[in-house]
Every structure is written in structure tokens, then in C-alpha cells.
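Asker: Could you slot chain Y onto chain S? The hints should help.
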Amino acid sequence: MGNPVDPGDIQKSMIKDEKADKRRKNILNLVLLALLLVAPAVIYPVFLMKILCFALFAVAFNLLLGFTGLLSFGHAAFLAAGGYTTGYLLSTYSGLTTEMGIIAGTLAATVLGALFAVVAIRRQGIYFAMITLALAQLVYFGFVQAPFTGGEDGMHGVPRGHLFGIIDLENNLAMYYFVLAVFLGGYLLVQRVVGSPYGQVLKAIKQNEPRAVSLGYNVNQYKVLAFVMSAGLAGLAGSVKTVVFQLASLNDAHWHMSGEVILMTLLGGTGTLLGPVFGATFVVNLEYQLSQGPLGDWVDPILGGIFVLTVIAFQSGIVGEVQKFVKKNLG
Amino acid sequence: MTMILGVPVAVLFGQLLLGIINGAFYALLSLGLAVIFGLLKIINFAHGAMYMMGAMATVIMFDALGINYWVALFVAPVIVGCFGMLIEYFLLRRIAGQDHIYSLLLTFGVALMIQGILTNIYGVSGMRYSMPDLFQGGFKLDFMYLPYYRAWVIFMALVVCFGTWFMIEKTKLGAYLRAGTEDAQLMQGFGINVPLLISLTYGFGVMLAAFAGVLAAPIYSVNPVMGSNILIVVFAVVVIGGMGSIAGAIITGLLMGVIEGLTKTFYPEFSSAVIFLVMVIVLLIRPSGLFGKEA
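So the sequence lines, in the order shown, correspond to chains S and Y. 1 is the number of the first residue of the first sequence in this note's numbering; add one for each residue after it. 1 is the number of the first residue of the second sequence in this note's numbering; add one for each residue after it.
In isolation and in its complexed conformation, chain S is listed as follows (with noise of 0.2 Å):
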């Protein structure tokens, strides 16, 4: 028998490890920046934008399902309202700068987000699942008989505009950084938010509900919150897509996108930062794939057999798995 440990030590190199864990995670982070910096020179940037486009919706929704614990059905919903939002105004309002369109399409998911919550907030679970998917599906028909939507035609030569009336967004490069900046402004909220107190609380209500409550939280608002403020996010990332595609159509708002960004969440992995990102990187760079060659058909039932997969066999995902290796190995 040795001498017995000091508990002293066991925090002193937990912290250490933790300091290791955050020095390793900032190099990461410095180094993907870099690349998305440099992406444009070597991948054709509309492509790299609808990437970015895609991850800045994983990230949201995972907001939700990653640091909640609460899984919507219905984020289709809110890309669409911002794309649609966003897309009309542009259209309509030729003085109308492209941020200010964004901003609006924003607000307008933003809203859709709230009116969701308040209803399916009453129940939990699958229930909760089963409501908002119910209710985007409301949303969709909604779209398909709004006359300014163009119904199944979509909404088509949206003009990308001038940012803040200056930058011509025609060049594909500078739409690019816009769109990047866009993506990080994101991800950095919800890095923040996920390190906030507020975001101490989420998680306490993603393990145990109950405890939450009687610790005397409000659980109700602090869900409402998450959820209007993933809606928000989801929109702005249909927007800024409408604007990089120049249209806006019903593919956006029908259950399948919906099920498409659990996906991506999924496979990156729930509850981590840059999961969503991985997930959404691998699923449109498959998508595109795929349609290149003689399986073009095959892309749902390959989704959906990644999809069994990924609940069978690896939960945590793409990055949560790399990080589970790194902690056995490097920890």
C-alpha cells in the first residue's frame, strides 16, 4: 500500500488536465479558422458557403438537443421562415441593404420560434418531438397557400444585394467572408452561451428535470429561452442561404430538412461544440457526392441507414468519439 493520495493533488492535475483540454481545443480552433480562411482559394466557394450555411443550422438546433436536451422536429420551419422572410423583402424592397433583409428573416424565425415554444413547451419528450413537428408541418401548408412564396415553384432571382449598401455581394469571394463572419457570429453565441451560467442551468435540466425544478429554477423559461433563441439562429441561417442561393423554396420548410439536421447533429455529435459542424460538413459534402454519381437516387435510404447506424452504434458521434480517443490516449 502506498501513502494514501492527497486530494489536493487529484484537483491540482485535474485542473492541469483541463487547462491541457483547453490549450488542445483553442489550437484546434485556430487552426480550422485558418483553413475556412484560406477554403476559397482551393474549394469553389458556393459550395463552401452552403457548408457554412448548414453547420450555422446544426449549430443551433444542437443548442437544443445538445445542450437541453430537448429534440424539435420542426427546425425546418425556421429556415424556412428566415429564407422566405428574407428572400420577399429583398425582392420587394429594392433599397432594402441585404443585412437589413437578414435581420429581418432573423426576427421573423425569431417569432415563429417564440409562438412554437409556448405551445409545445406544455409537453416533454417524444411528446415534445411530436409537436413541433406537427406544428412545422402547419407552417409548411402555411407556405404552400401564402401567395408570396410562389408555392411549389419557390421564390427565385432574390438579388444577393449590397452589405450595408457598400460591398457588392455578387462576388462570390466577398459573400464568402460575409458568410463566414455570419457562421462564427453564431458559433461564438453559442459557445458563449453554452459557458454561461445560463448554460450551467440548461444542462442541469437536460440530466435531471426534476432536480431542476426543485432546485427552484423556472425550467419552463429557461427551455422557452433555448428554443427561441435556437429558432432565431436557424433563421438567420436560412436567410443568409437565401441569399447566397438567390431562392427560397419548399424543400427548406418540409420535414425532411428537419430530419436531415438531426442527422448532421447526430453524426458530428450531440453536445459538443464543433460536432454540428463536422456533421454538417460530412452530410451536404455526402449529399453532393452521391448525386455525382450513379447513386444519385440512393441518397435517403443511405441517410437514413447512417442515421441507424449512428443511434446503434457510435451516439456520441464523429467528435465526440475523436474526443473520447484523445482523453484515453493523450488525457
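It is worth saying that the hints were derived from the structure and are not from the lab. One thing to keep in mind: the hints can contain errors.
[To be verified] If the Cβ cut is set under 8 Å, some of the chain S residues that face chain Y in the computed set are:
| hint | residue |
| --- | --- |
| 1 | Leu71 |
| 2 | Arg122 |
| 3 | Ala146 |
| 4 | Gly216 |
| 5 | Val219 |
| 6 | Leu225 |
| 7 | Met229 |
| 8 | Gln292 |
| 9 | Gly296 |
| 10 | Asp300 |
[Unchecked claim] Pairs of lysine to any residue residues, derived as SDA-like cross-links and limited to a Cα-Cα distance of at most 20 Å, are as follows:
| hint | chain 1 | residue 1 | chain 2 | residue 2 |
| --- | --- | --- | --- | --- |
| 11 | S | Lys206 | Y | Gln188 |
| 12 | S | Lys324 | S | Gly305 |
| 13 | S | Lys327 | S | Leu309 |
| 14 | Y | Lys170 | Y | Leu146 |
| 15 | Y | Lys172 | Y | Tyr149 |
| 16 | Y | Lys41 | S | Lys50 |
| 17 | S | Lys203 | Y | Tyr102 |
| 18 | Y | Lys41 | S | Ile312 |
| 19 | Y | Lys41 | S | Leu37 |
| 20 | S | Lys206 | Y | Gly97 |
| 21 | S | Lys327 | S | Leu107 |
| 22 | S | Lys206 | Y | His100 |
| 23 | S | Lys203 | Y | His100 |
| 24 | Y | Lys41 | Y | Leu134 |
| 25 | S | Lys206 | Y | Gln98 |
| 26 | S | Lys22 | S | Glu321 |
| 27 | S | Lys206 | Y | Arg178 |
| 28 | S | Lys203 | Y | Gln98 |
| 29 | S | Lys50 | S | Leu330 |
| 30 | S | Lys25 | S | Leu37 |
| 31 | Y | Lys172 | Y | Gln188 |
| 32 | S | Lys206 | S | Val219 |
| 33 | Y | Lys41 | S | Gly125 |
| 34 | S | Lys203 | Y | Asp99 |
| 35 | Y | Lys41 | Y | Arg150 |
| 36 | Y | Lys172 | Y | Leu200 |
| 37 | S | Lys22 | S | Asn329 |
| 38 | S | Lys206 | S | Met229 |
| 39 | Y | Lys172 | Y | Ser199 |
| 40 | Y | Lys41 | S | Glu209 |
The C-beta atom is built at its ideal place from N, Cα and C for all residues, glycine as well.
Answerer: Frame of chain S, contents of chain Y only:
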């Protein structure tokens, strides 16, 4: 012609009839969901796909083997039910006891796969299936015309719903099922084979969906995506009714069908949205649903 609120009586009753038939399908599907939820505590997202498989199996068996409607009415649900039990055994069982969200996502993935594969093989354009000659024609009532087949659908749905209710509430097997819902571990302790019971329950719930699919084959367009939209409506129905009781699921299903039918008569543009709006109202007034017990 007699009118009610500016709508001819014949039109009104016609829409009501269609509403009741849709309601019969909602009832069958939400009943299956409720049975599965009771014991497995999962929401079967693949339920729409199972309904579709029942209908597709009916058409394919007829085209390829000449198997007629009456045989399909029994064989198709059994085939799809066995398929469901394989899914339970090989997939769902692996994540038993984990957060229910995962089983929802797993069945969603399964639904995407089934739907996608069948779409690639058969396309989405819909397959033709003619109903048995026996059902040609209908009753001529004073106020409306009731095709035989529609009457048959309503009759069969009611029989199956009542049979299921009877089995679960009044028989020994149903007692096991209800006991398993309360406390599966204790049941296992009493020597009941709970894993088998779970497999059978999932298979039975899926069979109900497939049975609805066979009933639907002669009157709805049969294609690989026919299950996905109706499933979302059925989810709303389940939220409205609450999953506490079998009878509740049946009544809510029929009721929502009728409400949808009435909306189609008086305000057609609104008919696809009305059930979702009812859901919102019910949630605001009575969050646990019309027949729900849980808070």
C-alpha cells in the same frame, strides 16, 4: 335540393362519409401507435412506412402472384408484422432502456430507408389496384350514395378497433400487456417472457398499420410515400387524444376525421391544417390531451 348553410345535403354527407373513412384510418394507425407506446415506450416513426408496406404488399402480391384481396387482407399484415418483429429484434432491442429520443430517431432512419428503397424500385407515381368485383356499386340512400367498399372499410375498422380493445382490456394476454406497461421488471420476475411479449406487441402494432394499408389500397393512391404525410397527421391525433387509453385513440381518430371532412365542405383551403390547429388549441387548454392521464 335541400341545403344546409348553403351546402347541398348530398355534398355535406358525402364529405362526412369521406371524413369518417379518413377517421377510420387515423383510428387504426393511432391505435397501433398507442399499443406499441404502451409497452415499449417508443413512438414508432416507421408506422407510416409500415402502413405503406401493407398497401404495397397487397398490390405487388396481386400483380406478381395473382393473390386476391381477401387473402391479402390476412397475409399482408402478417408479412409486414414479421418484418416489424425483425426490426424490433435486431435494432430496437439494442437501444432498449436508453433515452426514448433514440428510438424515435432509429425508427425515423428505418422509415427513410424503407421509403427510399421502395421509391427507387417502384417510383412515386402510384400503382393501380382495382377493388374486388363484389364491391362494385353501393347503397342508394335517400340523402346520399354509399359505395359498398366505403361501408366495408368503416365496418372492418370498427371491428378491428373493437377487437383490439377487447383483447387488451378483457383477455389474459391483454392483462399481461397492461401489467408489462406498469412494471416490466416485476412481470419478468413472475416468469413471463417479457422480451417475447415486447416483440409480439411491436409486431401486432405494425400489423394494425399494415392492415390499414390493405384497406387503403383500393381507394387511395398506392405509392412509397403515402405513409409519411398521414403519419404526421396521426402524430397530431395522438397528441390530441393522449396515449393513455385505447378507446381514447379510437374515438379521437374518428372525431378528427369528421372534423376534417366538415372543414373540407365549408372551408376547403383550410382542411389540411385543421387537425394541427385543433392540436394547438387542445394543448393550450388541456396539455395532457383529451384522454391523457399523465401530466
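Asker: Run every hint past the structure and note whether it holds.
Answerer: Do the hints match the structure? See the list:
1. Leu71: This interface hint holds because 5 Å falls under the 8 Å limit.
2. Arg122: OK, holds: S/Arg122 within 8 Å of chain Y, min 4 Å.
3. Ala146: 11 Å, violated
4. Gly216: This hint is violated: S/Gly216 lies away from chain Y, its Cβ roughly 20 Å from the closest one there, beyond 8 Å.
5. Val219: Since the shortest Cβ distance to chain Y is 14 Å, the answer is violated.
6. Leu225: 20 Å, violated
7. Met229: Since the shortest Cβ distance to chain Y is 20 Å, the answer is violated.
8. Gln292: Since chain Y brings no Cβ nearer than about 17 Å to S/Gln292, farther than 8 Å, the hint is violated.
9. Gly296: Because about 10 Å separates S/Gly296 from the closest Cβ in chain Y, which is outside the 8 Å limit, the hint is violated.
10. Asp300: 3 Å, holds
11. S/Lys206 with Y/Gln188: Violated, at roughly 31 Å.
12. S/Lys324 with S/Gly305: 24 Å, violated
13. S/Lys327 with S/Leu309: 24 Å, violated
14. Y/Lys170 with Y/Leu146: With Cα atoms ~34 Å apart, Y/Lys170 and Y/Leu146 exceed 20 Å; violated.
15. Y/Lys172 with Y/Tyr149: 34 Å, violated
16. Y/Lys41 with S/Lys50: Answer violated: Y/Lys41 to S/Lys50 is near 38 Å, above 20 Å.
17. S/Lys203 with Y/Tyr102: 18 Å, holds
18. Y/Lys41 with S/Ile312: Roughly 18 Å between the alpha carbons, so the hint for Y/Lys41 and S/Ile312 holds.
19. Y/Lys41 with S/Leu37: 47 Å, violated
20. S/Lys206 with Y/Gly97: 17 Å, holds
21. S/Lys327 with S/Leu107: The given pair, whose Cα atoms are some 40 Å apart, is violated under the 20 Å limit.
22. S/Lys206 with Y/His100: Within the cut-off at roughly 14 Å; holds.
23. S/Lys203 with Y/His100: Answer holds: S/Lys203 to Y/His100 is near 18 Å, not above 20 Å.
24. Y/Lys41 with Y/Leu134: 41 Å, violated
25. S/Lys206 with Y/Gln98: Status holds; Cα separation ~14 Å.
26. S/Lys22 with S/Glu321: The hint holds at about 18 Å.
27. S/Lys206 with Y/Arg178: 30 Å, violated
28. S/Lys203 with Y/Gln98: Since the Cα atoms of S/Lys203 and Y/Gln98 sit roughly 18 Å apart, the hinted pair holds (cutoff 20 Å).
29. S/Lys50 with S/Leu330: The given pair, whose Cα atoms are some 34 Å apart, is violated under the 20 Å limit.
30. S/Lys25 with S/Leu37: 18 Å, holds
31. Y/Lys172 with Y/Gln188: Holds, at roughly 16 Å.
32. S/Lys206 with S/Val219: Cα-Cα ~10 Å, so holds.
33. Y/Lys41 with S/Gly125: 11 Å, holds
34. S/Lys203 with Y/Asp99: Since the Cα atoms of S/Lys203 and Y/Asp99 sit roughly 16 Å apart, the hinted pair holds (cutoff 20 Å).
35. Y/Lys41 with Y/Arg150: 34 Å, violated
36. Y/Lys172 with Y/Leu200: 15 Å, holds
37. S/Lys22 with S/Asn329: Roughly 16 Å between the alpha carbons, so the hint for S/Lys22 and S/Asn329 holds.
38. S/Lys206 with S/Met229: Given pair S/Lys206, S/Met229 holds - Cα atoms ~17 Å apart, limit 20 Å.
39. Y/Lys172 with Y/Ser199: OK: Y/Lys172 and Y/Ser199 at ~17 Å, within 20 Å.
40. Y/Lys41 with S/Glu209: At roughly 19 Å apart (the allowed maximum being 20 Å), S/Glu209 and Y/Lys41 satisfy the hint.
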